[in-house]
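Student: Single-letter residue listing:
There are 4 protein chains.
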Amino acid sequence: MESPVNHPSDDSFDMYGDTLREECGVFGILGHPDAPTLTALGLHALQHRGQEAAGIVTFDGRQFHSERQLGLVGDHFTDPATLKRIPGHMAMGHVRYSTTGETILRNVQPLFAELEVGGIAIAHNGNLTNGLTLRRKLIAQGAICQSTSDTEVILHLIARSQRTSSSDRFVDAIGAVEGAYAMVAMTRTKLIGARDPNGIRPLVLGDLDGKPIFASETCALDIIGAKFVRDVENGEVIVCEIQADGTVTIESHHPFQPRKERICLFEYVYFARPDSVVAGRSVYAARKHMGINLAKEAPVEADVVVPVPDGGTPAAIGYAQASGIPFELGIIRNHYVGRTFIEPTQSIRAFGVKLKHSANRAEIAGKRVVLIDDSIVRGTTSLKIVQMIREAGASEVHIRVASPMIYFSDYYGIDTPDPEKLLANQHKDLASMCKFIGADSLQFLSIDGLYDAVGGEPRDNKAPQFTDHYFTGDYPTQLTDLNGRSKNEPKQISLLREAG
Amino acid sequence: MESPVNHPSDDSFDMYGDTLREECGVFGILGHPDAPTLTALGLHALQHRGQEAAGIVTFDGRQFHSERQLGLVGDHFTDPATLKRIPGHMAMGHVRYSTTGETILRNVQPLFAELEVGGIAIAHNGNLTNGLTLRRKLIAQGAICQSTSDTEVILHLIARSQRTSSSDRFVDAIGAVEGAYAMVAMTRTKLIGARDPNGIRPLVLGDLDGKPIFASETCALDIIGAKFVRDVENGEVIVCEIQADGTVTIESHHPFQPRKERICLFEYVYFARPDSVVAGRSVYAARKHMGINLAKEAPVEADVVVPVPDGGTPAAIGYAQASGIPFELGIIRNHYVGRTFIEPTQSIRAFGVKLKHSANRAEIAGKRVVLIDDSIVRGTTSLKIVQMIREAGASEVHIRVASPMIYFSDYYGIDTPDPEKLLANQHKDLASMCKFIGADSLQFLSIDGLYDAVGGEPRDNKAPQFTDHYFTGDYPTQLTDLNGRSKNEPKQISLLREAG
Amino acid sequence: MESPVNHPSDDSFDMYGDTLREECGVFGILGHPDAPTLTALGLHALQHRGQEAAGIVTFDGRQFHSERQLGLVGDHFTDPATLKRIPGHMAMGHVRYSTTGETILRNVQPLFAELEVGGIAIAHNGNLTNGLTLRRKLIAQGAICQSTSDTEVILHLIARSQRTSSSDRFVDAIGAVEGAYAMVAMTRTKLIGARDPNGIRPLVLGDLDGKPIFASETCALDIIGAKFVRDVENGEVIVCEIQADGTVTIESHHPFQPRKERICLFEYVYFARPDSVVAGRSVYAARKHMGINLAKEAPVEADVVVPVPDGGTPAAIGYAQASGIPFELGIIRNHYVGRTFIEPTQSIRAFGVKLKHSANRAEIAGKRVVLIDDSIVRGTTSLKIVQMIREAGASEVHIRVASPMIYFSDYYGIDTPDPEKLLANQHKDLASMCKFIGADSLQFLSIDGLYDAVGGEPRDNKAPQFTDHYFTGDYPTQLTDLNGRSKNEPKQISLLREAG
Amino acid sequence: MESPVNHPSDDSFDMYGDTLREECGVFGILGHPDAPTLTALGLHALQHRGQEAAGIVTFDGRQFHSERQLGLVGDHFTDPATLKRIPGHMAMGHVRYSTTGETILRNVQPLFAELEVGGIAIAHNGNLTNGLTLRRKLIAQGAICQSTSDTEVILHLIARSQRTSSSDRFVDAIGAVEGAYAMVAMTRTKLIGARDPNGIRPLVLGDLDGKPIFASETCALDIIGAKFVRDVENGEVIVCEIQADGTVTIESHHPFQPRKERICLFEYVYFARPDSVVAGRSVYAARKHMGINLAKEAPVEADVVVPVPDGGTPAAIGYAQASGIPFELGIIRNHYVGRTFIEPTQSIRAFGVKLKHSANRAEIAGKRVVLIDDSIVRGTTSLKIVQMIREAGASEVHIRVASPMIYFSDYYGIDTPDPEKLLANQHKDLASMCKFIGADSLQFLSIDGLYDAVGGEPRDNKAPQFTDHYFTGDYPTQLTDLNGRSKNEPKQISLLREAG
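Residue numbers (the UniProt record's numbering), protein chains in the order written: chain U, 1 to 500; chain D, 1 to 500; chain G, 1 to 500; chain S, 1 to 500.
Among these hints, one or two may not hold up.
To be verified - To give an idea of the chain S side of the interface with chain D (calculated C-beta under 7 Å), a few residues:
(1) Gly74
(2) Asp75
(3) Pro80
(4) Ser282
(5) Tyr284
(6) Val337
(7) Arg339
(8) Thr345
(9) Ile348
Rather than coming from a laboratory, the hints here were simulated on the basis of the structure. Where is the CB? At the ideal position from N, CA and C, for every residue including glycine.
All chains, full assembly: derive it from the sequences and hints.
Tutor: Now the structure itself:
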């Protein structure tokens, strides 16, 4: 088997471990003759949600077909030979970024199981907070787990459910789990979409030629020319079923206690594509608004507003418009990254951010620069960028961050460093952070400024409108695995290390 | 994942589907610092038992490590990088030839499961005759099967056993299965070897520096300089355990009703390596004896005895010695086969056996040739070889086959064609077969001649000494799956087709 | 050999053949202990000048080492194993985009020859206009050409020169050629940089720790922290030599009749990186100025200025600043492209520009959009983009192009389509082009507007300051090959097609 | 480019550097619609003459096509995709074993050049003894050499010839070289075959459906069902030409002084395939006769004659028949070798010959064994085999070698170790050699015994019938390069080391 080749991608070029990573994107379509190709395209549009591996499962009326590969969607899944191996009128797929660092093929989704009632495939964006606890219980009952992903736990719960219909079994299974999930499941006749009771991860329902689609973001509908129908609601399970006559029925279920939606703020700050509309709000507009609010909260006298590309660009446009300071591309990004640059040698690592970013000297020399970034995690990249900007001759460098300081770990599918490595936890105050980074000034957007940019109103502290624990420590669910773990117990969930 | 590359090997160059294939070879060693390397070497010596894939699982005191690859042992497993990934003082491995035609990585053994009591890996040579029946029952109980191999059924039975010790669970599991198995299993402290109650497949116990070894054949002991201790008995389970002080204990169990051993005759006729000693008998000596008996049963006036290489060579030496007709290499074999020759293009396929065999014209022209082959399956290769020998100028071509005619399918791990495709079932008598093949005469060794060559006495029809159903129809076990299957029910055991 | 894998890059994702491509970038460094790594980094910074292949030649005091690979610099050249194969204190390299469509390894530069006086390696950005004529003459004299690149012609001229010193031979050779070249050559002790008499292609001299560097653009100096010394002049040959004591001498030669420099305008319009300073002018500033001039020449009432990313972005910023219309990212680009998307299947090809670009609906719907692009070649991509913008709900779409209409082929290293396929030659007037593209209006920057943006003054028609034949038909050199070719003579320069 | 993968082959599994290697095999066919496929098959039959790389050049009436690959013929050349890339009605090819240790693609033949008179491809088995001298002269004249093979020297001589016809140029070129060559050349209309004046390397003329074929050995004719016409004579150049009407003319030229043929004895001893007829003599019969003569010259009392497979088998059959001692397969060979076994790790290297050979204990234990080998080079493998046979319980081990002792290097295309490493030069007498190897006795065939086995009469010392310098020091040509080289001059023929 091919060695796990990491691919040219923004996040994989993260040689300082200084980005956040989302776990997954999901897509499914029912009843369309081009289902496999449309799924490949949908996943390509969702590629920013996970670049390490992709998988598609199809059903052709007789058999399920699965193809799972490390690498980008576009490395394999538009190859005619690949598409020929996965025929079908229904298809679903997944892109993933491992949160464990161990991307191995057995963990690549969709996962599949043969049940007494027929086959089922599932794909999951998010993370369970009681996955490990459930896994232990299942193993004690004789279940054999092949992957280390907690999605497999859901599959076992489905397999063990005593209900007759596969969609009832699915509801049984998600009733036992806790955490974040936007899921798509597929049986011989059904395509199911579901969001967790808080709606932490996004999922939309679309329509192409009368056929239903589930996708993590609207950009996956746009690429194939599908219509946006509506968001899947928090706690909702939508079951689409193809009938004997080829027509498709769509049923909505709300098996859980109703709750207010609390979608994850980082979808707006960093993860979702700017052209997506997430929970009714344009991501680009939200980001630009963060820049506008940031200009109001943290103005500075300067000659030029420069985004840290590409994440900081919409906020920088907003900041420039609100402040009247000209917007310029003061940092140029090199998009040509190859396999060996991903794991650079020691001698090359020293060249740091320059491998991906270069200062546009002519726009920077002698100027007072406001650098706009979307967020700061550990600060190590910011430090390098400030240094590069200074070397290019900037007279002043002011950093403005379009989101609040990050203090807490995520347990819902975002890969965060250990809390003690976060910039905000390593320094006692803003002045100390600013000094560490080497900037002339440093300001973060306030939590209310962020709430306003995304939702048009400040945080409702009694019933927050969004999931925001990384900033506030206010976790929207229980953390069973975390709390059940004794201090010294290893986090290990598999005794087996498997190559390939 | 790399596309499944078939490798230069005798069997894979079988473009007429005219050979028999054995499913597997197994190897395990406990308590040796070089366990992974020794296992790679042992599997290399067993490579003739399966060339499509190989796998090794090790345990290093803390963690199990698994490496499973398509291709030859020598394609991956002596690479220092590979060996570094699978450290340990105990190791077991498997080489395999798929009997289903679908070699995919998820089917490559050893299979592994994490149990409540710790991890267990198993590897299996043979085939269950109630595997499908058990699989259906397990799925109805909520088990999720990842592979299509019936070895996984045993793993689920172990996982679901209520016994505490892993070796007790193992005995529980094999108590439920029916068919042929020579198995090796490994837990954190134990290496277990077991043979089915009939002892259809071989398994030996060896010793290297006081450390126990299980291997399918003695040639795997010879390559690493290990001593042969004894055969694992039919129906025996041997449990080797490493103790806290590093010493190894060895216990023998006989959990089943005692029975007479009936090892598979094809091990002698075709599968085992000539330098192996199987159940106390030299394979080379047995084959040569088959040639001697054949010369007595089916003499012919001729100028030269020519083996069909390499399978027919020992019998040809025996035939030549017994008949006094000179032995000559009248057919030369080309060992250089590459990837694309395995699936030859239509234009090249026409060149048939010549891609692998060529007539040594100088030894054949104008001569009366006795061709000695080990067995005939469909007869399509024999036909091509006779044609090649005639084109090289032979005046007469007589075929003598060192085993009886094959009439029946195997269900114990040998991949046989559909019975109606067997030469013996396609023709009403020997004369018709001879005419089909184009020989001047054709004779097979009798069943008693074969029994005598291997065991020194004729067949005991009331209690046959060997497994011989392919010749006689006398199956040594029940055939539950076969008999439980309704006429039109598909043989399909998985709803999923997975690439990679 | 691996099949020629095209790589994720902007230009390779050109499924409509609707971009211009530059042939090459060059880099060399003399006397530095990290010469191979620094060359890899320099080539990475020049990757935008050629993504199909890269090569590095080094000299370690005893032997030359060469490594040439298809793919990106970052696919191979920072791999420690690769760097270990090419040790040395002097190194030079090349990135290339085939202008012939046939990228094969034997064409990948640097090219190397062993001369009586020792080895020489050369790398070349540009194209000769008498290369074919010289090649024919050389073959008649018994020369054997291995590549189809006209760089090899220069190598043969060097080999056949009767001069003693390799730098004299180099001057001999370039004295015989006509066309465009920015070249780097390397012998056992010398690093030579040269530009053609018109200085059509750029080349700069840099300095790192007192060691000389040649590079196509300043961005290759910036990445390694080297200082910019000066541009190599048109018609200049600079010979750097390492002396016995390790010091480096630098000599400038002007072997040709002095001429005014005429650098290629397309370096400013499209090819060079925005952060480079080419012939003393910031590329970013020039592009932004093109946008400013365009806003003056071709104003329009609109709600939003949207760049076609990434080429149109600086001009769009200029246009927005000059016009006062807000700049917004109305088109989002997907940077995640994989191998199979490069040659998309028919079914996916239909999704067109959406595979790479998507409309940011929220910023476009209901708005009057000014789209800014850097240039238009065939117009086929523009057509798709206009369509996408309209589908996203724009009320009006106006296209403003930051360079003049292209009418003529290039023969100096830019791969242009056949002239009859150029948009400007397919339509009788601007109205017809606008209709073809489907825009509400279409305007191009004037030639004087472009000259002013780059050089600060209009075109001097008697002695033009720049190479601009694609717009004007005014070629700066003779076109010997073109004029010597009879009508029906094939353009073929090799009788051999070689895979790999 | 793919890393140079060595392939499962006998010779490549030579971990002690203890075999001789032949440089090449050649094949060509003119005027046949299936020329490329037939050439692939012919090269497959010649695979034993070189396993590191293979190449085919075809001409389709308009263009030449070339495909050269590292690896076995069957790894690439029967792939329909490969065959589609090399269409044509004329084709020629080459298999090679590098004598320099550096197999790189630029050295893989056929080599091709475009001449003023059109293209020419050449392939060469043998080695020139004045190649280096000629290369230096050519470089001084401005020739650029791409490969390090001395075949390229011939190509340059052809390119520089002033003759008009390509076949006259070919004769010009070979008139200047000295050494051994069996060559095939191809132009747009001609296929040329030539052997050096001594006829050191073999070459035959065949015929398929009236179309001429050249091949190194008759086995390449047999595989495709072609007729053997005759040997190409020593010093003969045969020019086959396809005429305008499709007919083929064949002309024989003898441009050199007539001489007696002296074909290389090692073709009979080791290189040629046993089923080939070389210079009118069956190779198998010659080898068997060597065994017969050996039994007469060096009898021994023993129980069993055991060949060292596969090279020693025919001689062992002869020895057994002449001595009356039974022939048995006492050593079993493992043909399954994979990529990583070729360069075994240190820990595995210790297992030595056992990776490829194993003792057939049952036939050896307690017996007096005569081991028959074809030749002994350094003796290191013999030592390991004797040790293995003793460990298997042999009471006595006698070695009989079917050729004389080797004392001298070859310069005609056989890769021999440095003379001081040859067994015969490391020991003062036979007793010392026998002791080193650990045998009970050791005998070699006499030079007259070998001459008699091959030619039917003893050596004519005044005018030897064969090339035999490795035994006698009697070189059939001058050794210009060797003698012209000063003591300390490096053997280096290229300043460039190129990966891939």
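Student: Determine for every hint whether it applies to the structure shown.
Tutor: Structure-based check of all given hints:
About 3 Å separates the beta-carbon of Gly74/S from the nearest beta-carbon of chain D, less than 7 Å, and the hint is met. Because the closest C-beta pair between Asp75/S and chain D is about 4 Å apart, less than 7 Å, the hint holds. Interface restraint check for Pro80/S: the shortest CB-CB distance to chain D comes to about 5 Å, inside 7 Å, so the restraint holds. Checking Ser282/S against chain D: minimum C-beta separation of about 3 Å stays under 7 Å; hint holds.
A hinted interface residue such as Tyr284/S counts as satisfied when its beta carbon comes closer than 7 Å to some beta carbon of chain D; here the least separation is about 5 Å, so the hint holds. The interface hint given for Val337/S is met, as the beta carbon of that residue sits about 5 Å from the closest beta carbon of chain D, less than 7 Å. Because the smallest distance between the Cβ of Arg339/S and any Cβ of chain D comes to about 5 Å, under 7 Å, the interface hint for this residue holds. With 7 Å as the threshold, the beta carbon of Thr345/S comes within range of chain D, its nearest partner Cβ sitting at about 5 Å, so the hint holds.
Using the Cβ-Cβ criterion of 7 Å, the hint placing Ile348/S at the interface with chain D is satisfied: the shortest such distance is roughly 5 Å.
The structure meets every hint from the earlier list without exception.
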